[in-house]
Amino acid sequence: MSLAPSESAPGGAPAVATGTPAGRGGHRRPGRARSGSSRSGLARPGRRRLLTRGSVPYLLIMPAVLGFAVFKAYPIAASFWISLTTGNGDARQFAGLSNYRRLLDDPLFWTALRNTALILVVQVPLMLGLALLVALGLNSTKVWLRPLWRLGVFVPSLTGLVAAGVMFSVILNHDAGLLNWVLSLFGIDRVNWLGSPYWARVGVVLVITWHYTGYNAVMYLAGLQGIPKELYEAAMVDGAGPVRRFFAITLPQLRPILLLTVVLSTIGTLQLFDEPYVLTGGGPDNSTLTVTMYLYNNGFKYFDFGYASALAYALALIVSVLGILQVRLMGERR
Amino acid sequence: MKFRGPLLTVLLAGAFGLCVGPFWWLAMAATQDDKDVFSWPPKLLPGSHLMENLQGLQESIGLTRVLVNTLVVAGLQTVGAVVVSVLAGYAFAKFDFRGRNLFFVLLLSTLVIPDAVMLIPIFQMMMDLGLIDSYESVVLPGLVTPFGIFLMRQALRSMPDELLDAARVDGAGELRVLWRIVIPVNRPIIAALALFVFLGGWNQFVWPLIALRSPEMYTLPVATATLQGLSTTDYAQVLLAGAIAAIPVMALFLVLQRQFISGLLAGATKE
Chain A
1 MSLAPSESAP GGAPAVATGT PAGRGGHRRP GRARSGSSRS GLARPGRRRL
51 LTRGSVPYLL IMPAVLGFAV FKAYPIAASF WISLTTGNGD ARQFAGLSNY
101 RRLLDDPLFW TALRNTALIL VVQVPLMLGL ALLVALGLNS TKVWLRPLWR
151 LGVFVPSLTG LVAAGVMFSV ILNHDAGLLN WVLSLFGIDR VNWLGSPYWA
201 RVGVVLVITW HYTGYNAVMY LAGLQGIPKE LYEAAMVDGA GPVRRFFAIT
251 LPQLRPILLL TVVLSTIGTL QLFDEPYVLT GGGPDNSTLT VTMYLYNNGF
301 KYFDFGYASA LAYALALIVS VLGILQVRLM GERR
Chain B
1 MKFRGPLLTV LLAGAFGLCV GPFWWLAMAA TQDDKDVFSW PPKLLPGSHL
51 MENLQGLQES IGLTRVLVNT LVVAGLQTVG AVVVSVLAGY AFAKFDFRGR
101 NLFFVLLLST LVIPDAVMLI PIFQMMMDLG LIDSYESVVL PGLVTPFGIF
151 LMRQALRSMP DELLDAARVD GAGELRVLWR IVIPVNRPII AALALFVFLG
201 GWNQFVWPLI ALRSPEMYTL PVATATLQGL STTDYAQVLL AGAIAAIPVM
251 ALFLVLQRQF ISGLLAGATK E
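From first to last, the protein sequence lines are chains A and B. So for the first sequence, my numbering puts the first residue at 1; every next one is plus one. So for the second sequence, my numbering puts the first residue at 1; every next one is plus one.
Derived by calculation from the structure, the hints in this document are not laboratory data. Since the structure is predicted, the reported quantities are computational estimates derived from the model, not experimental observations. Heads up, some of the hints might be wrong.
Stated by the list, open to error - Facing chain B, a subset of chain A residues (Cβ under 7 Å, in silico):
id	residue
1	Gly67
2	Ala69
3	Lys72
4	Lys142
5	Trp144
6	Pro147
7	Leu158
8	Phe186
9	Gly187
10	Ile188
11	Asp189
12	Leu224
13	Ala316
14	Leu317
15	Ser320
To be verified - Across the chosen pairs, the derived CB separations fall in these ranges:
id	chain 1	residue 1	chain 2	residue 2	range
16	A	Leu259	B	Leu45	42 to 50 Å
17	A	Ala248	B	Arg65	35 to 43 Å
18	B	Leu18	A	Pro197	23 to 31 Å
19	B	Ser39	A	Gly281	37 to 45 Å
20	A	Ile227	B	Ser109	47 to 55 Å
21	A	Pro107	B	Ser109	46 to 54 Å
22	A	Lys142	B	Gly75	42 to 50 Å
23	B	Gly75	A	Tyr302	33 to 41 Å
24	B	Ser48	A	Ser196	34 to 42 Å
25	A	Leu259	B	Val169	14 to 22 Å
26	B	Ser262	A	Gln93	52 to 60 Å
27	B	Leu163	A	Met236	55 to 63 Å
28	B	Ser158	A	Lys142	47 to 55 Å
Note that CB positions come from ideal geometry on N, CA and C, so glycine has one too.
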């Protein structure tokens with residue numbers, strides 16, 4: 001592709017003639033104040049003609065635009081088209097909304113959605129609550145060996161889902177798993193973690209919680225450390241107790257980061273796939289079948305791409321609606 | 001409140017144990033004979049079968065080949081994604097151009113779209129290009145990361161414009177400004193991004209599971225999951241594969257944790 005010289009560069013910027021006295025140093029364009037100053041300097045005249053200022057940002061952004069177009073924009077659009085078709089491979093036929101109608105009548109879709117929602121409602125608050133407690137603990141100067149504990153709680157989030165999955169498929173084993181052994185030390189009977197519909201869900205929740213609590217705790221810790229000390233000092237002068245200070249200062253100050261973690265965790269859990277895939281295969285009795293897993297089964301086991309794409313779009317819709325709701329409910333009110 | 005410090009310390013030590021304990025058990029289980037993996041009580045001390053298990057993995061999944069695949073895929077992805085992110089982040093942070101805000105919003109909005117939406121068209125694209133079962137098929141879709149571009153934009157924005165302008169006044173071309181100033185000044189955060197991308201590439205599972213067909217192309221997570229799915233599975237081997245997947249990453253983290261955490265927080269807290 002040819003590289004536009006600055007004179008013809010898109011963007012409506014007045015062309016900065018390379019090398020003319022007016023263009024050298026200090027020349028600032030009116031408007032667009034934010035990055036105006038970055039245009040003020042100029043490359044040495046006569047050198048590097050291809051990289052004149054006007055085309056520079058376009059060259060910089062080009063790989064990202066190309067990658068975005070091919071691997072994000074196109075697939076997102078194509079997937080919607082596929083969701084409106086039936087058939088296999090190249091022999092696709094336009095079928096209108098029939099995949100979406102099928103979805104509404106598909107009991108397995110509703111099962112998957114219910115499982116996903118259940119895991120979401122239990123797991124996200126549990127995990128974020130724990131993360132906040134851990135962060136508060138780590139933030140206390142009275143605690144000994146803080147860096148060690150911080151390190152330890154963060155480590156699970158580095159583990160890949162497969163590594164965590166195989167590890168916990170044995171740890172949660174009914175007859176000889178580590179967890180049941182630890183419970184037995186406290187006199188608790190063996191639990192059939194992955195074998196019963198109820199406990200399989202609990203098991204999946206436990207594993208996800210183990211996996212991501214530390215990551216969120218470290219985020220909260222950063223948020224806590226960014227709260228100005230003066231706020232607490234002023235509150236103490238006013239006679240506010242620890243509980244009052246927590247609700248009047250800590251929580252509101254943490255709101256942006258709380259919002260971020262709530263949205264990210266919700267998106268992540270709604271797309272839950274790896275843990276149930278490795279731990280339970282969606283069983284027993286479809287009790288841990290998630291929407292993404294059902295989508296995967298339809299697409300890459302039964303090769304029903306049309307239906308799988310409809311599932312994907314349904315999921316995207318749910319994710320965006322929930323995301324927007326959360327931002328509305330928790331976001332800054334200005 | 002005299003006991004608050006010790007009490008909190010004990011509680012945090014408990015959380016530490018819950019988080020790290022499973023790794024200890026994993027490392028120990030990976031050195032046991034298969035029949036001892038499910039012994040009661042669980043073995044919490046090193047066994048003597050590490051070499052046998054390694055050999056078994058070599059025979060069952062071709063461990064060295066699988067490790068090479070994983071390293072190549074994660075390495076290529078890291079280099080590619082870092083380059084794309086630094087360039088785009090620099091453009092977003094320090095230049096004004098048409099479509100800038102629109103593209104930025106589009107980029108970030110893909111974060112709410114489940115990856116699953118993109119799987120099928122990308123799969124078909126890779127089939128049409130004849131790239132299925134190749135390194136390219138795994139690496140290419142991961143090169144544009146909205147997170148990486150966002151992180152770089154945030155980091156580069158805080159760089160003073162005067163620094164760049166001084167170099168330009170001295171006659172440095174844009175490539176030179178990028179290479180000699182932007183990248184060196186931001187090396188820590190770029191290193192953090194590289195770590196994140198590498199970690200993601202090393203651990204990624206769903207897409208390689210779909211894109212890779214032959215066992216000699218498998219990455220470690222795919223090979224491990226496949227091994228676990230076999231009815232004749234030797235669980236000591238599976239757990240060793242899991243340990244091999246988990247432990248280098250932790251070592252890397254221990255060495256570079258400062259970059260890691262600062263990168264994580266830069267993405268989360270700026271602005």
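Hints, verified against the model:
Contact between A/Gly67 and chain B, as hinted, is supported at the beta carbon level, the nearest pair being about 3 Å apart and thus within 7 Å. The criterion of a C-beta within 7 Å of any C-beta in chain B is not met by A/Ala69, whose closest approach is roughly 9 Å, and the hint is violated. The interface hint given for A/Lys72 is met, as the beta carbon of that residue sits about 5 Å from the closest beta carbon of chain B, less than 7 Å. Proximity of A/Lys142 to chain B holds as hinted, the smallest CB-CB distance being about 3 Å (cut-off 7 Å).
Because the closest C-beta pair between A/Trp144 and chain B is about 5 Å apart, less than 7 Å, the hint holds. Interface hint status for A/Pro147: violated, as the beta-carbon distance to the closest one in chain B is roughly 9 Å, over 7 Å. A hinted interface residue such as A/Leu158 counts as satisfied when its beta carbon comes closer than 7 Å to some beta carbon of chain B; here the least separation is about 5 Å, so the hint holds. With 7 Å as the threshold, the beta carbon of A/Phe186 stays out of range of chain B, its nearest partner Cβ sitting at about 13 Å, so the hint is violated.
The interface hint given for A/Gly187 is violated, since its Cβ lies 15 Å from the closest Cβ of chain B, which is over the 7 Å cut-off. Interface hint at A/Ile188: violated, since its Cβ lies 15 Å from the closest Cβ of chain B, which is beyond the 7 Å cut-off. For A/Asp189, the interface hint is violated, since its Cβ never comes within 7 Å of a Cβ in chain B; the closest pair sits about 14 Å apart. Taking 7 Å as the C-beta contact cut-off toward chain B, the hint placing A/Leu224 at the interface is violated, the least distance being around 11 Å.
Look at A/Ala316: its Cβ gets to within about 5 Å of chain B, closer than 7 Å, so that hint holds up. At a threshold of 7 Å, the smallest CB-CB gap from A/Leu317 to chain B is about 10 Å, leaving the interface hint violated. Annotation: A/Ser320 was flagged as interfacial toward chain B, and the flag holds, the nearest CB pair being 5 Å apart, inside 7 Å. One distance hint, 42 to 50 Å for the beta-carbon pair A/Leu259 and B/Leu45, holds here, with the actual separation near 46 Å.
At about 59 Å, the beta-carbon gap between A/Ala248 and B/Arg65 misses the expected band of 35 to 43 Å. Between B/Leu18 and A/Pro197 the Cβ separation comes to about 25 Å, which falls inside the hinted range of 23 to 31 Å. Remark: the range hint 37 to 45 Å for B/Ser39 to A/Gly281 is contradicted by a beta-carbon distance near 25 Å. Between A/Ile227 and B/Ser109, the C-beta spacing of about 30 Å breaks the proposed range 47 to 55 Å.
Checked against the hint of 46 to 54 Å, the C-beta distance between A/Pro107 and B/Ser109 comes to roughly 32 Å, which is inconsistent with it. At roughly 44 Å, the beta-carbon separation of A/Lys142 and B/Gly75 lies within the given 42 to 50 Å, and the hint holds. The hint said 33 to 41 Å for the Cβ distance between B/Gly75 and A/Tyr302, and at roughly 35 Å that hint holds. About 36 Å separates the C-beta atoms of B/Ser48 and A/Ser196, a value consistent with the hinted range of 34 to 42 Å.
One distance hint, 14 to 22 Å for the beta-carbon pair A/Leu259 and B/Val169, is violated here, with the actual separation near 43 Å. In this structure, B/Ser262 and A/Gln93 meet the distance hint of 52 to 60 Å, their C-beta atoms being roughly 53 Å apart. Checked against the given bound of 55 to 63 Å, the beta carbons of B/Leu163 and A/Met236, roughly 42 Å apart, lie outside it. Look at B/Ser158 against A/Lys142: about 34 Å separates their beta carbons, and that is not inside 47 to 55 Å.
Violated hints, listed in ascending order, are 2, 6, 8, 9, 10, 11, 12, 14, 17, 19, 20, 21, 25, 27, 28; each of the other numbered hints is respected by the structure.
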